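Those sequence lines, one after another, are chains S and E.
For what it's worth, my numbering labels the leading residue of the first sequence as -17, then goes sequentially.
For what it's worth, my numbering labels the leading residue of the second sequence as 100, then goes sequentially.
Fair warning: there could be bad hints in the mix.
Computed cross-link-like contacts, DSS-like style, restricted to lysine-lysine with a CA-CA straight-line distance of at most 25 Å [said to hold, decoys possible]: (1) S:Lys60 to E:Lys290; (2) E:Lys217 to S:Lys53; (3) S:Lys53 to E:Lys208; (4) S:Lys53 to E:Lys218; (5) S:Lys92 to S:Lys60; (6) S:Lys90 to E:Lys292; (7) S:Lys201 to S:Lys109; (8) S:Lys92 to E:Lys289; (9) E:Lys290 to S:Lys109; (10) S:Lys90 to S:Lys60; (11) S:Lys109 to S:Lys92; (12) E:Lys216 to S:Lys53; (13) E:Lys290 to S:Lys92; (14) E:Lys290 to S:Lys90; (15) S:Lys(-10) to S:Lys201; (16) E:Lys208 to E:Lys218; (17) E:Lys292 to S:Lys53; (18) S:Lys90 to S:Lys109; (19) E:Lys208 to E:Lys292; (20) S:Lys109 to E:Lys368; (21) S:Lys90 to E:Lys289; (22) S:Lys92 to E:Lys292; (23) E:Lys368 to S:Lys60; (24) E:Lys292 to S:Lys60; (25) E:Lys290 to E:Lys216; (26) S:Lys165 to S:Lys90; (27) E:Lys292 to S:Lys109; (28) S:Lys60 to S:Lys165.
Derived from the structure by calculation, the hints contain no laboratory data.
In this text the structure is predicted, and so the values were computed from the model without any measurement.
What follows is each chain in one-letter form.
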Amino acid sequence: MSMLLEIKGLNTFYGNLHALWDIDISVKEGNIVTLIGSNGAGKSTLLKSISGTVRPRSGEIIFDGRSIIGKPASYIVKEGITLSPEGRQIFPRMSVEENLRMGAYTHKGKDYSSLFDRVFSLFPILKERFGQQAGTLSGGEQQMLAIGRALMSSPRLLMLDEPSLGLSPLLTETIFQLITEIKQQGVTILLIEQNAYMALSVADYSYVLENGRISMEGKGSDLLEDEKVISSYLGGV
Amino acid sequence: MPRNTMNHTINNIRPASVLIEVGKRKKPMEFFAQQLVNGIALGSVYALSAIGYSLVYAVLELINFTHGTMYMVGAYLFLIFVSMCSMPYWLSFILAVLLTGTLGYCIEKFTLRPIRKKKLPNFMMLICTMGVSILIQNIMLLFLGSQTRLYPTLFDGRNVAIFGANISYIQIFVVIMAIILMLLMTVFIKKSKAGMAMRATAQNSDAAELMGINVDRVVGLTFFAGAALATISGIFSCMIFRSINLSSGVVIGNKTFAATVLGGIGELKGAVLGGILIGIIETFTAGYISSNLRDIAAFIVLIIVLIVRPRGLLGKPVQKKV
Chain S
-17 MSMLLEIKGL
-7 NTFYGNLHAL
3 WDIDISVKEG
13 NIVTLIGSNG
23 AGKSTLLKSI
33 SGTVRPRSGE
43 IIFDGRSIIG
53 KPASYIVKEG
63 ITLSPEGRQI
73 FPRMSVEENL
83 RMGAYTHKGK
93 DYSSLFDRVF
103 SLFPILKERF
113 GQQAGTLSGG
123 EQQMLAIGRA
133 LMSSPRLLML
143 DEPSLGLSPL
153 LTETIFQLIT
163 EIKQQGVTIL
173 LIEQNAYMAL
183 SVADYSYVLE
193 NGRISMEGKG
203 SDLLEDEKVI
213 SSYLGGV
Chain E
100 MPRNTMNHTI
110 NNIRPASVLI
120 EVGKRKKPME
130 FFAQQLVNGI
140 ALGSVYALSA
150 IGYSLVYAVL
160 ELINFTHGTM
170 YMVGAYLFLI
180 FVSMCSMPYW
190 LSFILAVLLT
200 GTLGYCIEKF
210 TLRPIRKKKL
220 PNFMMLICTM
230 GVSILIQNIM
240 LLFLGSQTRL
250 YPTLFDGRNV
260 AIFGANISYI
270 QIFVVIMAII
280 LMLLMTVFIK
290 KSKAGMAMRA
300 TAQNSDAAEL
310 MGINVDRVVG
320 LTFFAGAALA
330 TISGIFSCMI
340 FRSINLSSGV
350 VIGNKTFAAT
360 VLGGIGELKG
370 AVLGGILIGI
380 IETFTAGYIS
390 SNLRDIAAFI
400 VLIIVLIVRP
410 RGLLGKPVQK
420 KV
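Using the sequences plus the hints, can you model the full thing?
As structure tokens, then:
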């Protein structure tokens, strides 16, 4: 299969701080690709650079054959890339329904039912909570809402920033099961995760980010057995 | 109906304080009813202004000092269209609302947006709105002069007596129009796609951007709506008082601020409640204590509310889950 997303020589700055150094990444269509690395390695910055909320200084971002670097976030969502941001970032004083409708903001037409059905089949709990204020949901439900909301834009590439943040191990496992289910529906996924073991076991391909640079890459299963990865990110087990 | 009112100032208009002096000779119950009617009419005008103010605050967390100025600009535009250009009322009204709304949009686009893009602290936008409103006020002073002018009104100042209270047709008209506009605004904010985008931007502008919402356009639209509502409020209240003066824009700006904070800033219902309360408090203070205190009363209540219940009457505490 062809490459859906290709990044070449990407550099991003925060003021004078050089956050990303010559990043090269490719994401194959239909794959789950994960980025692992410690806090401050630049993982979130990379996703923000792709989604258009942070402007990269140089490099290339090619999505489906078209350059999208420097385009505004609203354009990039329409192109088919949606980011579910770190910390969920739902709209707390809107209902679950309204949150999902906002996710489908770029959707043309008035019929949302097929979009809703798809989200409900993955997250049945959201159907029960349909009219409830999103701020009153539990942490796990809010995470499901955040992913569901991102899916409402029918993305071809779904980017997830730390979906297991603050969740119990059991819930984390549920979320990861759902992520593989989303992949089976044909959505390509680019995932950031603190829980490196989880991230590597679902990944088709992985990149390790260190101080804003790619230090390692390979198949998820290969990296799981790599000594350097084990000692740095898997607790040396 | 006087057509060429721009050219001379008027001495024989009856400001609200005179109406109240007349009212004092009435029986206590009738006097009370009169104050209540005046208060509700004034309050519904404040409520309209407060909705616009509250919208802008909700979306940008900005105390917008241009709001009172927009109120003045809009009210004067209506006067100019009616008396100098001899346009019909409805056309003057629509033109004044659209032009002032556009001015509000431009103020945001050319003075506030650059500050936002550079991610400078919020108080810089506040100072910027102060500067812009001083500039506009002085331009208006230069061209229009500082004298009080007669303002066109509807129904020739006729009124009806209900329970001993004299209710002018214009008061009834303004209250009905205000209720209709408030209902329309509520439906717009709650149900329309643009209204929902406004609420989403207010609650989390970063996330709104990720949904594909063009946040700049939403903020621009909010400023347009804020200035348009200020204009409507300005035209209506000048119609009730039948006079206009440049300095009342500043006073209105402050009272709108008081009304919004009293009701709970960022809440639509709060803005309406706060506006009506400030209107009633003001007329009752003028009627029962002294009309010299009318402008102070609103702020005394505001200070008490801020001490007892800082988030305002209907304001909600911030809800966050990590």
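Results of checking the hints against the structure:
| no. | hint | in the structure |
| --- | --- | --- |
| 1 | S:Lys60 to E:Lys290 | holds, 23 Å |
| 2 | E:Lys217 to S:Lys53 | holds, 18 Å |
| 3 | S:Lys53 to E:Lys208 | holds, 20 Å |
| 4 | S:Lys53 to E:Lys218 | holds, 19 Å |
| 5 | S:Lys92 to S:Lys60 | holds, 17 Å |
| 6 | S:Lys90 to E:Lys292 | holds, 12 Å |
| 7 | S:Lys201 to S:Lys109 | violated, 37 Å |
| 8 | S:Lys92 to E:Lys289 | holds, 17 Å |
| 9 | E:Lys290 to S:Lys109 | holds, 20 Å |
| 10 | S:Lys90 to S:Lys60 | holds, 10 Å |
| 11 | S:Lys109 to S:Lys92 | holds, 19 Å |
| 12 | E:Lys216 to S:Lys53 | holds, 15 Å |
| 13 | E:Lys290 to S:Lys92 | holds, 13 Å |
| 14 | E:Lys290 to S:Lys90 | holds, 17 Å |
| 15 | S:Lys(-10) to S:Lys201 | holds, 20 Å |
| 16 | E:Lys208 to E:Lys218 | holds, 15 Å |
| 17 | E:Lys292 to S:Lys53 | holds, 23 Å |
| 18 | S:Lys90 to S:Lys109 | holds, 23 Å |
| 19 | E:Lys208 to E:Lys292 | holds, 22 Å |
| 20 | S:Lys109 to E:Lys368 | violated, 29 Å |
| 21 | S:Lys90 to E:Lys289 | holds, 20 Å |
| 22 | S:Lys92 to E:Lys292 | holds, 11 Å |
| 23 | E:Lys368 to S:Lys60 | violated, 35 Å |
| 24 | E:Lys292 to S:Lys60 | holds, 17 Å |
| 25 | E:Lys290 to E:Lys216 | violated, 29 Å |
| 26 | S:Lys165 to S:Lys90 | holds, 24 Å |
| 27 | E:Lys292 to S:Lys109 | holds, 21 Å |
| 28 | S:Lys60 to S:Lys165 | holds, 20 Å |
Against the hints set out earlier in the document, violations occur for numbers 7, 20, 23, 25.
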